[in-house]
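Given these sequences and hints, build the entire structure.
Protein chains in written order, with our numbering: chain A, 1 to 165; chain B, 166 to 330; chain C, 331 to 834; chain D, 835 to 1338.
If you're looking for bench data, these hints aren't it; they were derived computationally from the structure.
Hints are supplied without guarantee of correctness; some may be wrong.
[As the list claims (entries may be wrong)] Okay, derived cross-link-like pairs now, EDC-like style, lysine to aspartate or glutamate, Cα gap no bigger than 16 angstroms in a straight line:
#1 LYS1287(D) / ASP173(B)
#2 LYS395(C) / ASP364(C)
#3 LYS216(B) / GLU1288(D)
#4 LYS10(A) / GLU784(C)
#5 LYS296(B) / GLU973(D)
#6 LYS131(A) / ASP713(C)
Remember, predicted model here, so these are calculated numbers, not experimental data.
Below, each chain spelled out in residue letters.
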Amino acid sequence: MTYDVIIDGKSYRLQLDRTDGRWLCRLDGREVQMDAVLTRRDVLSVLVDGKAYEIKRERTATDLHLWVGSARYAAELRDPRSLRGRKDGAGGEKGPRKLIAPMPGKVVRLLVAEKAEVEAGQGVLVVEAMKMQNEIRSPKKGTVQKLVAAEGANVNAGDVLAIVE
Amino acid sequence: MTYDVIIDGKSYRLQLDRTDGRWLCRLDGREVQMDAVLTRRDVLSVLVDGKAYEIKRERTATDLHLWVGSARYAAELRDPRSLRGRKDGAGGEKGPRKLIAPMPGKVVRLLVAEKAEVEAGQGVLVVEAMKMQNEIRSPKKGTVQKLVAAEGANVNAGDVLAIVE
Amino acid sequence: MFKKILIANRGEIAVRVIRACRELGITSVAVFSDVDRASLHVRKADEAYHIGPPAAAESYLNISKILGVAKLSGADAIHPGYGFLAENAEFAQACDEAGVKFIGPTAASMEMMGSKTRARQEMEKAGVPLVPGTSHGLESAEHAEEVAATIGYPVMLKAAAGGGGKGMRLVHSREELKSALEGAQSEALRSFGDGEIYIEKAIVNPRHIEMQVLADEHGNTVYLGERECSIQRRHQKVLEESPSPIVGPEMRQRMGEIAVRVAQAAKYTNAGTVEFLVDQEKNFYFLEMNTRLQVEHPVTELITGLDLVHLQIRIASGEKLPFTQEDVRIRGHAIECRIYAEDPDNNYFPSPGTITLLLAPSGPGIRRDSGMYEGWKVPIEYDPLLAKLIGYGTDRPQAISRLVRALNEYFVGGIKTNISLFRRILGDADFEAGRFDTGYLDRLLKTKPPEVKEDADVAAIAAGLFTVLEPAPAAANGRCSASGTTNASAASGWRKAARTEALR
Amino acid sequence: MFKKILIANRGEIAVRVIRACRELGITSVAVFSDVDRASLHVRKADEAYHIGPPAAAESYLNISKILGVAKLSGADAIHPGYGFLAENAEFAQACDEAGVKFIGPTAASMEMMGSKTRARQEMEKAGVPLVPGTSHGLESAEHAEEVAATIGYPVMLKAAAGGGGKGMRLVHSREELKSALEGAQSEALRSFGDGEIYIEKAIVNPRHIEMQVLADEHGNTVYLGERECSIQRRHQKVLEESPSPIVGPEMRQRMGEIAVRVAQAAKYTNAGTVEFLVDQEKNFYFLEMNTRLQVEHPVTELITGLDLVHLQIRIASGEKLPFTQEDVRIRGHAIECRIYAEDPDNNYFPSPGTITLLLAPSGPGIRRDSGMYEGWKVPIEYDPLLAKLIGYGTDRPQAISRLVRALNEYFVGGIKTNISLFRRILGDADFEAGRFDTGYLDRLLKTKPPEVKEDADVAAIAAGLFTVLEPAPAAANGRCSASGTTNASAASGWRKAARTEALR
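Here is the structure:
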């Protein structure tokens, strides 16, 4: 099998096959002496040239991360035969930016009004969760186009709270 | 739902239904105030009249056991609509008895010959596993009808080693 | 001795107290809110009762409900843990009136220490060293200016009913004073229902060091050594240790004897902690007394070999302290890391959710007091403390190295935790040298953490390996793919990591 | 200090040593046989190399393969753990010749202690108290009868190369002597390739108490207190504690000083243990010296606050002992339970297999040194030790109560373990009173354990609940039932618990 793997934004071409209990592995064309075993769900033991790695897989609804020891890598894996484009529009500094609730909680205070000018880093609203009040700040300098969440509203992780343009 | 449950050989008739997040439970016709939640795979938290129980489920190929705290109960559960008989011939003191390998290992020594007379508790053969030699003893007084395992043979748990009649 | 103890708390401390009860042969009674039915303390207790909806005010802070469960279950004592009702004098009083022993000090001792100004007045009388300032609430901005001029800037405004940094303001000059006072007053009123503010000289870059005391109901009071608690983020302790790197035997004795004097002045019983501010010349000043078991009590347990919760229960049941001051022997070094459900890459925002994978450390010198388990959903309603990891060593370097080792073994998947923060602190040269104060951590966090990512190649290989070896991850909806699924199709089901918006 | 250490072992002790390496900043190298690829020590090490098939003789006992890995990986030292090559003088010698430091005593010290008769001769010279008997092999049955007549029956025949109860016979009268000697000789020859047998007076109902010593390579030797190891089943230790319930400060000092004399007579370096037999009058006699780290070393670590593996490594690297005898401070009480994969309901037969569910204890006073994890398949080829659970307390009753609490939290599903055995021992009145000897456990096991099964009703309800809440258990073949499965059909898939044949 051949895979296109993206680790922290960098692409790799991985060939991985198993014959007679041995792994054949090429990374970007280079052969890698490697052995691997799944020790339990989501935990791999991998040996590469004698070095031992314990690798944990972490999946959320939207993300896949691999932890090699204590370092965390964002991972993406594609079947190379599917030819869809790679950029799903991550969005840069230009255009409207959404303020997203980073965790479930309750909107306890709006700090600015709609149409207000805000600086990058300025607080826009306050969300309370786990006994802590957290200021949600503007990612850019601009105008608060819309305050989606009202004071007192319960929000879930990933909800759009406001849009700054 | 109604179930026939057998715990350590004793039969119970269990009615179990859930409405609006509450459990309705009757055991042998007697109503039981009960709440339960599966905390993780194979581990239940059950509250009965305020008492809290952590219950572990242990399954092997042939057995089902439930651990209530530190006590272990053999469990069997039947759909009462199926009407097959309850005794699958567990075998008593009479008739031939099989000596079963209690764990995987290697037969290192035969202690008696075929057709030999043995007392109840007398060693018939020795199986080695995990650096320990273990004598497999006759469950009853009688004659060694057959020695199935040969010296040096590797055996699996559950294999028949000998038959005493 | 008590027969049955109700634990009016949740999380790791409820589990901690349940374990102590079990060890003492006492039946334990847990209480739980709607979102805590599957929590670890309910699994571990002998009995458990539902006490209401998630909001603490309607469950863990609801005195009548808790006393109702005590009556229903026949509990003869209540352990409040820390937080919630632990320092609530009204609750201690209500327990007393209901004939249930409150495991802690009397309501009167709590009340004296609950008001910071009243505590200052009493400690002044007892000859305890105090930070220069007022021991009564400020009457006006003019009064504040007058006092500030006498003691000299910078000054600290503090709420008399305060705690946790609320209603607190650091003031550098006369110009700032009036608006700071108004801000502090309204914040204190909002937070504690009491706007009383007093003034203290601000100690620049102090250390926060506290002394554990234990007093029985027969007049015996001992101290059990100090805890260094200067590693704080936003006035919240993050890491504690004992002994303090700057406290020697002589200073420990002086501090301990003053702590005992504080406790005696308050007619204190049971376990308590006297907090001190320590300036750069190692002068120390009484700050406040915490009238409960502290989160960080395990470091004291490790260096003294004592069990504070056992002793709390024994004392409350009327026993005498089973040892004297001379018997207390401090040996080795212990450090505690508070593992929180919060995201270090996102300004330490809380991170509730389901723990999908949990690998927990153990082995030599490692104690773990935890309230979590794999599969548990961390609720959003409460304090994000998940567990405490405590390292013990023959000396401080060994305690540090064991903790670092254990932190590297600790893995909590599915939610974010601050585990990486501790690796950073424990590996920092200033921390290793014992050079820090209460401002240390906020300063450290302003610098960018060194990112060590040498194993991207291995991660790339592992991404492929998981696809081959564990191709059909159980989806949340319980859907199950056929075993004939090809690796390629399983792989294409993986999603691109969504970029989180920059919210810092 | 070493840069890289190879650990020539597996299981919990390999994990223990890997952790120590990590704490000291030393790279760790694991070795593994075919069946240990997924073992915990391979997961935890920095490097790992395959060394052959499951049979120990071809892997963990294969000196040339292990030294080959040391060379390949560039390891500058080898830690042998316990068992396997730990007391193999030839291996220590081979390490020396290969220029790799063996972390343990010299081959010469090992050889002296390896032969029980030679050790007796040397200890006699050094004035160490010995059980009356011969310090040379018996020449004939007549010789044996002669000696036995002098020292008086009962006598013990022992293999000079012995250990673990093999080649050992208790003889009560002259009539039994000849055939016992022949039996012992042939067993010794079979087990050790050496049929030399010597004779000792049999101590009736002795205790087995051992003393930990530590010697650096600069002539400094200290003792670290005793361990009570009388709780044995078939001559195998099951539970150990420190201090011993019968040893006071004066006896500890005498025993410790003699242990130091033993070590010095053997020119001993690194960690070692001097074993004594203690009679009912508390006279103690040198039994043998174990020239390695013991399984039960953690109890000494807990009461002294030291890390023996750190110290072993430091000593082997040439460092001086960082403390003197006067600095050693014993505090509290520690007890270790050896958790084995064996079936208490079936004569303690080994019970290898896959661990399907693992709930591990933690919390105050609990240390867990484990080589297992959920999902791991316990191999049949090696010693069945899975983990060690060690309880520490202010005093013995507290250590016991904490261990009982932790044992009740410990759950290992899918295989059988001896956890219930420890609940039985720790709850026994004679054990609690410290009244036991090496025959205690075999006597206890002849009595029927009290069976407490009060919750059959709850089990019945739980059987139904599991069917409703977790209806489609993942089958071993990965088959997945449709989510529409009715409870009834899932339930009918459950099998009757097969009756195991009575094999006791």
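Enumerate the violated hints, using their earlier numbering and listing them in ascending order. The structure conflicts with hint 5 only, although it agrees with all the remaining ones.
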